[in-house]
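Engineer: So the chains spell out like this:
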Amino acid sequence: MLKVENLSIYFEDNGKIQEAVRDISFQMQDREILGIVGESGSGKTMTALTIAGLTKEHEILERGSILLDDTDLLKLPSAEMRKIQGKDISMIFQEPMTALNPTMKIGKQVEEALILHTVLSKTERRKTVIRALEDAELDHPDLLYGKYPHELSGGMRQRVMIAAAIVCKPKLLIADEPTTALDVGTQESILKLLKKLNRKYDMGILFISHNLRAVNELCSRVLVMKDGVILEEGITREIFENPRTEYTKELIAAIPGHTRSTAFYELLCAEAGE
Amino acid sequence: MKFVIRKLSGLIITLLIVSILAFLAFEVIPGDPARSILGTEATESKVQALREEMGLNRPLPQRYGRWVKDFVGGDMGISYSYQTPVREMIGDKIPITLTLTAIAFLFILLFSTPISILCVRYENKFIDKLFTILNQITMSVPPFFIGIIFTVLFGLVFRLFTPGGYVSYEESVSGFFKYLILPGIAIALPKAAMTIKLFRNSLLAEMRQDYVRTAQSRGNNPWRVLVRHVLRNGISPVVTFLGMAIADMIANSIVIEQVFGIPGLGRTLISSISKRDYPVVEAIIVLIAAVILVVNVLVDLLYQKLDRRIEV
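First to last, the protein sequences are chains A and B. Going left to right, the first sequence walks through residues 1 to 274 as this note's numbering numbers them. Going left to right, the second sequence walks through residues 1 to 312 as this note's numbering numbers them.
Hints listed in this document are in silico derivations from the structure and should not be mistaken for laboratory results. The beta-carbon is built from N, C-alpha and C at its ideal position, and this holds for glycine as well. It is possible that part of the hints are untrue.
[To be verified] Straight-line distance between alpha carbons at most 30 Å, and here's what the computed DSS-like set of lysine-lysine pairs gives:
| # | chain 1 | residue 1 | chain 2 | residue 2 |
| --- | --- | --- | --- | --- |
| 1 | A | K105 | B | K93 |
| 2 | B | K305 | A | K108 |
| 3 | A | K127 | B | K305 |
| 4 | A | K147 | B | K125 |
| 5 | A | K3 | A | K195 |
| 6 | B | K125 | A | K75 |
| 7 | A | K249 | A | K226 |
| 8 | B | K129 | A | K16 |
| 9 | A | K147 | B | K46 |
| 10 | B | K305 | A | K147 |
| 11 | A | K3 | A | K147 |
| 12 | A | K16 | B | K125 |
| 13 | A | K3 | A | K200 |
| 14 | A | K108 | A | K192 |
| 15 | A | K75 | A | K105 |
| 16 | B | K93 | B | K197 |
| 17 | A | K105 | B | K305 |
| 18 | B | K197 | B | K2 |
| 19 | A | K108 | A | K3 |
| 20 | B | K93 | B | K69 |
| 21 | A | K105 | B | K2 |
| 22 | A | K83 | B | K125 |
| 23 | A | K127 | A | K108 |
| 24 | A | K192 | A | K171 |
| 25 | B | K7 | A | K105 |
| 26 | A | K147 | A | K122 |
| 27 | A | K169 | A | K3 |
| 28 | B | K305 | A | K122 |
| 29 | A | K105 | A | K122 |
| 30 | A | K196 | A | K87 |
[As the list claims (entries may be wrong)] Some chain B residues judged to face chain A by a derived CB distance under 10 Å, without partners named:
| # | residue |
| --- | --- |
| 31 | R35 |
| 32 | S36 |
| 33 | G39 |
| 34 | K69 |
| 35 | G165 |
| 36 | Y166 |
| 37 | S168 |
| 38 | V212 |
| 39 | R224 |
| 40 | R232 |
Extracted from the complex, chain B is given alone in its bound form (with noise of 0.2 Å):
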């Protein structure tokens, strides 16, 4: 209980600090969202009088204090350019964006647990050679390149899916899905690559540990040692460094997005920054921060759960 109150206190003053600072920065960048509705040839006068009435003219605190009032209460505003809810706008977004997030997490486990596995047991063998080899060269790729290459190789040359030929979820949830592995994996391979470089030396240090030579000694074979003794040990790192690639993961389903055509947060997100649309923008961030700080309240505990000495 004590644990859920501090985790929980946390999370507020977080989302307080980041919405404070989304607000601030939009009042530094230049761009006048009043200017940006009524368009360039626009007067001044009128101009002025939009801002009235959006109420940008009041003191920053005043604007902030009524935002978070609104937001509590579950009211995230108006679009400014689109006239609509922001609540509509982004409503059906965000688990789009946080699906293929997840699709992408999933291909990382599924990567990178045999293939390290694979490469400890082989340790200095060929496969394990091979495989640091492929790792190095797909860590440095970015995801959106090789969601381009995807499009181009599947989708032009094998015609294995059609690029931008996105399937809603209340269309055919399988096609949906379907349709987010590509993009799940070009989001999924670099990071895979940097879990798998991490998971293997993780994996290799706890082989050296005395307790592999107790199972070794019961009769265990090197598979079993491998995944019944080792692998839980050897884990506590890659739930890290997962835990703090989640918000880059997201970040990095914004891009893509863009590249297979997926109408998720991404295009959203930024035809509103270009358009001054704070409400939305404002919105979408402290969204996506909550996301991250819950999953990392989640990381938190699977690390309690994984290993009994720590204390969360």
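Here chain A stands alone, though its shape is the one from the complex (with noise of 0.2 Å):
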């Protein structure tokens, strides 16, 4: 579905060009949960932004190709960019308390794909959006369509991100550090809303974190990222039981074991030379 190929991202910072991602390449099945781990510059972000075509109109450079399906999105002018986000593709968040416009309505941004992609009549959308609030498993969708942000959780703000991502039922949903503003059981819920997600419409997920706890509950797959290069690529599980870079095993190491105490953990900790 999704295909990265050779992908650099540069940027002008005082009228230096710097380098945030250098030449990286992976695919994406349909369906499938990537994860993509490292620290913060990375290059993780920037590579989520890019593909979701939000570094446009920006001083950004970005070389090699991003394909979804056949389309190849670095191409596409920014008319057309416009047709496939939200639509094909959706993202969400690290900060649930400011991703969402403060001043309108939550039924309102949720239905504002919608407004933008389909012909639906009123209410139809209304009916939709509902859908999407249930979706995300959110309780009293028809009393939330009237509501402000203010006056929503910082759990229930993420999932009326997700309701406003998945309205429109994209094939790929990013996910840019979707949990890290949360505590740690509505963590744990947003994993598996998303999850559940993933399966009732097939909808693949690029996950992007640098809680590798998260990553290894949620992602089949994962690239680990640092300095803007891929270090390394494979199943989840495997790399997690062996790590073959330094880096990867540093990261492991500094998973709180104690959050979660499973023997699995535990088991990984003590793996990871600790």
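Make the complex out of the two chains shown on their own, each in a separate frame, by following the hints.
Structural biologist: Here it is in structure tokens:
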């Protein structure tokens, strides 16, 4: 479904050209959940934003290709890219507190992609919005429709973001650190929700995180990025059990084992030489 | 309901304070209404007799109390210089001044909203820079001067209107509004320039917020992002500014009326002050203060309507 080939991303900083991502290639199959892990500055968020077409009109240069099915997203003019954004590719972000428009009703924000990409009538749109809110496991969707973001908790807001992202049933959902700003219990339920939606709508998920525990729970395959390059790539379980690079070993060692004391994590930590 | 009571009591207290201050001001400034009616030739005893008759020799609190009582009952007193009820004198002039202010207000919104959006959409491009320069110039020119330029340019050179050819609304409503367009623009321009500066910066700050990226990720084009998402979030400082500017705009209306020969409150106010015609001045001050206070309550309400996080 998604094929990234020789992607390099540059941006200008104080007149100097900086390289954010260097010559990375990877693929995603239909319905696959792929994880990208790495510390901040590894280029993972830049990769996500570039795939989602959110670096256009900024002072950012890309080289290589990003093929969604057979369309090269990097070669699309902005107007054509906008027809894909929100319809075939959706994105959710790290900060649910600020990612929603504070002065727009929840229902209107979820509805927006439908207005932009479908010809549904007003009543059909409302029904679809209510269904999306239900899909995101939000209670009383009809009540929620007329509420404003500040009336909701962080976890609920992230669910609203998810509802707005899946309302057009995209092929690919890009989730950039969607659980980082949430408390542990909420993190868990958001991960479960993403997995459920992945199965229900055959929706591929590109899951960006520095949280290896979350990646392990959700992703079948994982890429490890550092300083703009892919260090290793493979089945999540295999990489966890047998990391090939020092960097990955360190990342695994940094998992806070005490937050979830399953035998598996204790084993992981032991293996990582803690 | 609690809100209404709170705002209403605030309004009454403020009006009382304003009227007391106006009363005190007339005590302090030199000049005697009785003398100005009778003329400089009149003898001191005649002046004293008239003062006694007008009740000017009574103590201040007593005079103020009586004025308040009459005013609340709808009686604004009798003009010293014209011997006609103040109500009749200013009743048909207040709507003219307020209409002029309202037209100016509309022009501010009409100019500043599209231009601000345009400047933000093309930030640091030619059009943005052009408007920044134009703004700087417009901001520093007072309305009465713009009024004079308009009169010369549109009245004498292009002959688009007759300077001084005011049309009353009883004569022709469309003619009345047509005549008020140029003075309205003259009042609006400097304020519109300030509004644009404020609005542009507020919108640019909003453009850096996370929800803008979310809106883009749904496939909104840049214009739709600005109009549907950013505009409402960035308008709050503008609402505050315009709420504060309303008093200034009424004051400007009074000045501009002189330039364009509009029979609003302006001329009445100025001549009444010079003639020490206190009942007229007092009534105008209190009424203008009331209008400003009501507008401020409306601004508060609008504020909350725009952003539900704000408690009024």
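Engineer: Evaluate each hint against the coordinates.
Structural biologist: For each hint, the structure was consulted:
no., hint, in the structure
1, A:K105 - B:K93, "violated (44 Å)"
2, B:K305 - A:K108, "holds (16 Å)"
3, A:K127 - B:K305, "holds (27 Å)"
4, A:K147 - B:K125, "violated (38 Å)"
5, A:K3 - A:K195, "holds (22 Å)"
6, B:K125 - A:K75, "holds (25 Å)"
7, A:K249 - A:K226, "holds (13 Å)"
8, B:K129 - A:K16, "holds (25 Å)"
9, A:K147 - B:K46, "violated (73 Å)"
10, B:K305 - A:K147, "holds (14 Å)"
11, A:K3 - A:K147, "violated (39 Å)"
12, A:K16 - B:K125, "holds (22 Å)"
13, A:K3 - A:K200, "holds (23 Å)"
14, A:K108 - A:K192, "holds (26 Å)"
15, A:K75 - A:K105, "violated (35 Å)"
16, B:K93 - B:K197, "violated (34 Å)"
17, A:K105 - B:K305, "holds (12 Å)"
18, B:K197 - B:K2, "violated (37 Å)"
19, A:K108 - A:K3, "violated (33 Å)"
20, B:K93 - B:K69, "holds (24 Å)"
21, A:K105 - B:K2, "holds (26 Å)"
22, A:K83 - B:K125, "holds (27 Å)"
23, A:K127 - A:K108, "holds (12 Å)"
24, A:K192 - A:K171, "holds (19 Å)"
25, B:K7 - A:K105, "holds (28 Å)"
26, A:K147 - A:K122, "holds (19 Å)"
27, A:K169 - A:K3, "holds (20 Å)"
28, B:K305 - A:K122, "holds (24 Å)"
29, A:K105 - A:K122, "holds (16 Å)"
30, A:K196 - A:K87, "holds (20 Å)"
31, R35, "violated (60 Å)"
32, S36, "violated (56 Å)"
33, G39, "violated (63 Å)"
34, K69, "violated (47 Å)"
35, G165, "violated (46 Å)"
36, Y166, "violated (43 Å)"
37, S168, "violated (43 Å)"
38, V212, "holds (9 Å)"
39, R224, "holds (8 Å)"
40, R232, "holds (5 Å)"
Violated hints, in rising order: 1, 4, 9, 11, 15, 16, 18, 19, 31, 32, 33, 34, 35, 36, 37; the structure is consistent with all others.
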